[in-house]
Amino acid sequence: MSTYKLTYFDVRGRGEVIRLVFAQAQVEYEDVRILHAEWDSSKTDRSRFPMGCCPVMDLDGMTMMQSMVIARHLARKFGLAGKDEKEMTMVDMMSDLCTDMLNEMFELIFEKDAKRKEDMTTAFVKKSETYMSVFTGWLEKNGDDKGFLVGNTVTLADLALFNLLEQLSTKHADILTKNPPMQAFLDRVKVEPNVAAWLEKRPKGEMDI
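Per UniProt numbering, residue 1 is the first one in the sequence shown, and the count goes up by one each step.
Hints should not be assumed to be uniformly reliable.
Below, computed lysine-lysine pairings styled on DSSO-like, alpha-carbon distance capped at 27 Å [unchecked claim]:
hint : residue 1 : residue 2
1    : Lys77     : Lys201
2    : Lys178    : Lys190
3    : Lys178    : Lys126
4    : Lys204    : Lys190
5    : Lys5      : Lys190
6    : Lys77     : Lys190
Hints listed in this document are in silico derivations from the structure and should not be mistaken for laboratory results.
Sequences are here, hints too, so could you generate the full structure?
The following block contains the structure:
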């Protein structure tokens, strides 16, 4: 039987989508959380962090890197990657779009120069209109009655979008206010039984990101 050990910071960040996959699949794993104060001394251990970055997942003697590589691997294994080649491609596409937008948001959050941050915020909010339009379009194309991005069950794409929208709801709530279908999607996935169970017990985290 496979054993899973996920190591990431004590935040949601780029590792939360992996935790959501485990939650949706109801698979047990070791959730190792590193405090930022510990990171400088930990990241030099190349046996744990081959590239000096997180997240990493240890699985059956192999250390896996890159958040979406890990998430996709688990999604395939747990039946959350789509039911056929077409669905799998769509799940990958939607998941990567969510990751792109999430990364842009993190760049904005950690920008220290005030003027540059202001310019980045303006650009981010404007570009968000395109992202939200694409996600809304895929929901409508798949059928509003289904409520999912791909197919008729929860996939990695839905979990990736949920993770993105949850982050936006605390950092850029105005984006969701302007996009009711995205707010409705967030509210709908939040009460999916396995997701809701995870949210109920999820640690608060060191930072709200």
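Hint by hint, where does the structure go against what was stated? Just the numbers, ascending.
Checked against the structure, no hint fails, so every one of them is satisfied.
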